[in-house]
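Use these hints to put chain B onto chain A, whose structure you have.
Going down the list, the sequences are from chains A and B.
Under my numbering, residues 1 to 121 are what the first sequence spells out, in order.
Under my numbering, residues 122 to 235 are what the second sequence spells out, in order.
Quick caveat, the hints were computed from the structure, so don't treat them as lab data.
Be careful, since some hints might not be right.
To be verified - What follows is a set of in silico ranges between Cβ atoms, one per label pair, in the way DEER data are often shown:
1. A:Pro-62 to B:Gln-228: 12 to 20 Å
2. B:Gln-148 to A:Tyr-104: 15 to 23 Å
3. B:Ser-133 to A:Gly-101: 47 to 55 Å
4. B:Thr-131 to A:Thr-118: 21 to 29 Å
5. A:Gly-42 to B:Ser-133: 16 to 24 Å
6. B:Ser-135 to A:Thr-58: 40 to 48 Å
7. A:Lys-13 to B:Pro-129: 35 to 43 Å
8. A:Lys-13 to B:Arg-183: 42 to 50 Å
9. A:Tyr-104 to B:Ser-187: 20 to 28 Å
10. A:Thr-69 to B:Lys-235: 43 to 51 Å
11. B:Pro-136 to A:Gly-8: 31 to 39 Å
12. A:Pro-62 to B:Ser-204: 35 to 43 Å
13. A:Glu-1 to B:Thr-202: 26 to 34 Å
We put the CB at the ideal spot given by N, CA and C, even for glycine.
These are the residues of each chain, in order.
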Amino acid sequence: EVQLVQSGAEVKKPGESLKISCKGSGYSFTTYWIGWVRQMPGKGLEWMGIIYPGDSDTRYSPSFQGQVTISADKSISTAYLQWSSLKASDTAMYYCVRQGGSGYYLPFDYWGQGTLVTVSS
Amino acid sequence: EIVLTQSPGTLSLSPGERATLSCRASQSVSSSYLAWYQQKPGQAPRLLIYGASSRATGIPDRFSGSGSGTDFRSGTDFTLTISRLEPEDFAVYYCQQYGSSPRTFGQGTKVEIK
Numbered sequence: 001e002v003q004l005v006q007s008g009a010e011v012k013k014p015g016e017s018l019k020i021s022c023k024g025s026g027y028s029f030t031t032y033w034i035g036w037v038r039q040m041p042g043k044g045l046e047w048m049g050i051i052y053p054g055d056s057d058t059r060y061s062p063s064f065q066g067q068v069t070i071s072a073d074k075s076i077s078t079a080y081l082q083w084s085s086l087k088a089s090d091t092a093m094y095y096c097v098r099q100g101g102s103g104y105y106l107p108f109d110y111w112g113q114g115t116l117v118t119v120s121s
Numbered sequence: 122e123i124v125l126t127q128s129p130g131t132l133s134l135s136p137g138e139r140a141t142l143s144c145r146a147s148q149s150v151s152s153s154y155l156a157w158y159q160q161k162p163g164q165a166p167r168l169l170i171y172g173a174s175s176r177a178t179g180i181p182d183r184f185s186g187s188g189s190g191t192d193f194r195s196g197t198d199f200t201l202t203i204s205r206l207e208p209e210d211f212a213v214y215y216c217q218q219y220g221s222s223p224r225t226f227g228q229g230t231k232v233e234i235k
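So that you can see chain A by itself, here it is in the shape it has in the complex:
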C-alpha cells in the first residue's frame, strides 16, 4: 500500500527555521516525483514545487522560488520542505504529494495527511 506519512504539526515564531518531512512507503521512492502543496487557512491549493528523488532534480513554482527549499534523502525514502526564516504568512497546511509515475506531466495520485505549520509571535 502506497503511503506518504508527514511529520507532525509545528508552532514556530517569526524568523525561526523549520524543516518538515514526508516519508514514502509501499512503492519505489526514487522513481516518482514528490511535490509540496500549500493550503492557507480557508483557502485553495497552491503548488510549491517538486523533486525527483532519484537524481534530486528540483523544480519550483515562481511564487515559492527562493522562499523554501525542497530536498530528499532517498536512503530513507523521505522528502523535505524547509524554511530558513518563517513569516506569519507561512501559516498553512502543507501536503506532500506523489506524482503518478516517473514522467514529469502527471497528476498527484497520493497525498500525505498534511502538516499544519503555525507561525505566531
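Only chain B this time, still in chain A's reference frame:
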C-alpha cells in the same frame, strides 16, 4: 502561468441531483493534463479524474469528466459531472492543470447540501 477559473463558487443541491462543475483555463490545456480533486473538511484532497476524463482508481462511475475545444487534444473548458449526488459527495472540488509549469489549481467549487 495558466489561470484556472472554476464556477460556480458554491453549488447548492440535494442528494440524488446532478452536479455540473466548470473549469475554464486562461490558455489552452492539453486534455491529457487536466485533473479534478475532491477535498472533504479536515482531509487531504484525493484524485478523482485525470487526463480530463479518466477516473482514478476506486472512483465511482457517477463521477465523469469532459473537456471541450476545437482540438480533442487541447481546450480551455472542462467539466466535472456527478450524475447523482450521494451524501458523501458534498465537498470542495478543485481542477488542476499539470501540463505546464507552474502547475496551477482552480479556486475550488463547494458542493453543499441544499
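Each hint, compared with the structure:
For A:Pro-62 and B:Gln-228, the hinted distance range of 12 to 20 Å is satisfied, since their beta carbons lie about 19 Å from each other. Between B:Gln-148 and A:Tyr-104 the Cβ separation comes to about 19 Å, which falls inside the hinted range of 15 to 23 Å. Between B:Ser-133 and A:Gly-101 the beta carbons are some 37 Å apart, a value that contradicts the proposed interval 47 to 55 Å. Checked against the given bound of 21 to 29 Å, the beta carbons of B:Thr-131 and A:Thr-118, roughly 28 Å apart, stay inside it.
Between A:Gly-42 and B:Ser-133, the C-beta spacing of about 19 Å keeps the proposed range 16 to 24 Å intact. The hinted range of 40 to 48 Å is satisfied by B:Ser-135 and A:Thr-58, whose Cβ atoms lie roughly 46 Å apart. Between A:Lys-13 and B:Pro-129 the CB atoms are about 40 Å apart, so this pair conforms to the stated range of 35 to 43 Å. The hint said 42 to 50 Å for the Cβ distance between A:Lys-13 and B:Arg-183, and at roughly 47 Å that hint holds.
A:Tyr-104 and B:Ser-187 have their C-beta atoms about 25 Å apart, which keeps the hinted 20 to 28 Å range intact. Taking the beta carbon of each, A:Thr-69 and B:Lys-235 are about 46 Å apart, inside 43 to 51 Å as hinted. With their beta carbons about 36 Å apart, B:Pro-136 and A:Gly-8 fall inside the hinted range of 31 to 39 Å. In this structure the supplied range 35 to 43 Å holds for A:Pro-62 paired with B:Ser-204, their Cβ-Cβ distance being about 39 Å.
Between A:Glu-1 and B:Thr-202 the beta carbon distance is about 30 Å. The supplied range of 26 to 34 Å therefore holds.
The structure shown violates just one earlier hint, number 3.
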